[in-house]
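We have chain G already, so just place chain D on it with the hints.
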Amino acid sequence: MSLVAELAGSGRELAQKWGRFTLFTARLCAVTPRALLRPSLLVEQLHNSGAQSLVIIMLSGLFVGMVLGLQGFDLLRRFGSTESLGSAVALGLLRELGPVVTALLFAGRAGTALTSEIGLMSATDQLSAMEMMAVDPVRRVCAPRFIGGVVAMPLLAAIFSMTGIFGGQLVGVTLMGVDAGQFWSQMRGAVELRDITEGVIKSGAFGLACSAIAVYEGYHAVPTADGVGRATTRTVVISSVAVLVLDYMLTAVLL
Amino acid sequence: MSAATVPAAAAEAGCIARLAGVTYAIGGRKVFDGLDIEIARGKITAIMGPSGTGKTTLLRLITGQIRPSSGRIEVDGADLGRLDTDGLYRLRQRMGMLFQNGALLTDLDVFENVAFPLREHTDLPESLVARVVLMKLQAVGLRGAARLMPSELSGGMARRVALARAIVMDPKLLIYDEPFAGLDPIAMGVVLRLIRNTNDALGLTSIVVSHDVQEIGILADTAYLLSAGKVAAAGSPAQLAADPAPVVRQFMSGEADGPVPFHYPAPDYEAQLLGTEVPA
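In order, the protein sequences belong to chains G and D.
Residue 173 in our numbering sits at position 173 of the first sequence, and the numbers go up by one each step.
Residue 209 in our numbering sits at position 209 of the second sequence, and the numbers go up by one each step.
Keep in mind that a hint or two might mislead.
Sample of chain G residues at the chain D side, in silico, Cβ under 8 Å [what the hints assert, rightly or not]: (1) T124; (2) D125; (3) M132; (4) A134; (5) V135.
Derived, one-sided and incomplete: chain G residues facing chain D with beta-carbon distance under 8 Å [to be verified]: (6) Q126; (7) S128; (8) A129; (9) E131; (10) M133.
Don't read these hints as lab results, they were simulated from the structure.
Bear in mind the structure is a predicted one, so any value in this text is a computation, not a measurement.
Cβ atoms here follow ideal geometry from the backbone N, Cα and C, with glycine treated the same way.
The following block holds chain G by itself, in its conformation from the complex (with noise of 0.2 Å):
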C-alpha cells in the first residue's frame, strides 16, 4: 500500500514538475518577442552559448569524424563498397551523430553554464533586485539566453557535421586510401536537402529542449551552493535523457 501511495506521491511530483515547466516555457516564448527588440543582449548571449562551445564542438566533431571513417571503412570493405564511404559519414553525421552529440555536448558545456550563472544570480539576490527595479527577470536574464541556445545549436550541429565529414574524408582518403573523388561524388549523389532538413530540424528541437531546461533549472534552483550544483546536474541528466527520447520521436516523424 505504501508502495502504491509513494508512486502516486512520484507521479503527482513528476506531473506538477511538468506543469511548471511547461507554463515556464510559455512564458519564456511569450516574452521571446520583446526580448528580440535587445539584439546586443541576443549577440552576447550567442557568444557565449555559440561561439564559446566552437572548440569543443570542432574537436569532438572531428574525431567523431574520423571513428566514423575508420569504422565505415572497416565495415564498407567486407561488402567491396569502399567508395560508398563518403556518403556513410556524412549521412550519418547530417542527419543523426551532428545534432544528437552536438547537444548531449551543448548540454554538458553551455547548459550547464546557463544554469549556474542564473542560479547564482538568484542565489545572491540580483534576479530579485531586477525585480524591485520594474525590470522582469524573465525577460531580461533567461529570454536573450533562451533565444541565443536555440539559435547556436543548428549552427553549432553545421559545424560539427562539417568538421566531422573532413575527420572522415582525413581518414578514409588520406590513411585508408579510398579515392578522394569516388568519396566526394557519392557523398554528393547520397546526400538529399532532406537529411540536411532532418539534421537541422532535430538541431533545432534539441536547442529548444536543451536551453529551455538550462534555463528553467537555473531560474528554479534553489539559491544556495547546493541548491545550484544540484541544479546544473539536473540539467545535464534532464537534457541528454530528453535529446535522446526526443531524437528517437523526431526520427520515427521524419522518416
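Below, chain D without anything else, positioned relative to chain G:
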C-alpha cells in the same frame, strides 16, 4: 506605548505605506498575525526585531514580492492585493530597494549597474544617462570607481553603489534591508550619513530594516519593534528605549535571555546527558 498604537507623527504627515491586519503564514507557521504598521511620508521608519521575526519578509510584503494570507497592504495609494504584474512593476518604479549584500549585477561595472534602471525604463540619450549616473555616484562618493567591477568593491562600497542605483530613478520610497550588517565602523558611519542625507535632500520616505539598536537610535524618526508576529512596540527610538515591556527591554539592551529564550527548544538536559537519547 501599546503594541497596536500608530505613532502620532504618521497620522499627521500622512502615510506612504499602510499594513492593516496583515497575516502571513508559510508552511503552516504564522510569521505575522494581524500586523498593523503605518509608514509616515518623508520620514525614516525603522523596522526592528530579533533575528527570525520576519523583518525581511515584511519588506517582501511591502514590495509585493509575496502576498499576505489576509489583510490589506497599501503603498503610495495602491492596494497591492488589487495590482496585476504590470501595475506592480509601475509601482516599483517609484520605489528603490537596497539589498543586504547590494545585489549588484556581477557582469556589469559600477557605472552600468547604476545606469541599468535608466536603460531599462527610459530612452534617454547616452550623454544624459552618463550625467545622471555620474551625479548619483558623486552623491555616494564613488564617481572615481565608475569603471570598477562589483568583485573589486568592498562591502561598504557595494552598498553605496546599490544606493546610487536605488535612487537613480528618483523614487518616492527607499527601502533598506539590513544596511549596516557586516560593515566596519567607518563604512557604517558613511552609510548612516548617506541614508539620512539622501532622505532629506531628495525628500524621500525611507524604511530601514535593522537590528542595530544604536544606529537606528541615531537615524530613525519612528521605529517599530516586531516580536512573535506582531508589533511589540512603536514610537520614536527614545520611546522604545524607555518602554518597560520585557520583550522590548531585552531587545533594546541586548540581554541574552528573556522573552526571546537563549536556548532553542530541546528535551530535558539531564535526561539527555545521562540517558542514551541522541538528538534526532
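Each hint tested on the structure:
| no. | hint | result |
| --- | --- | --- |
| 1 | T124 | 6 Å, holds |
| 2 | D125 | 4 Å, holds |
| 3 | M132 | 4 Å, holds |
| 4 | A134 | 4 Å, holds |
| 5 | V135 | 5 Å, holds |
| 6 | Q126 | 5 Å, holds |
| 7 | S128 | 7 Å, holds |
| 8 | A129 | 4 Å, holds |
| 9 | E131 | 7 Å, holds |
| 10 | M133 | 5 Å, holds |
In this structure, every one of the numbered hints holds.
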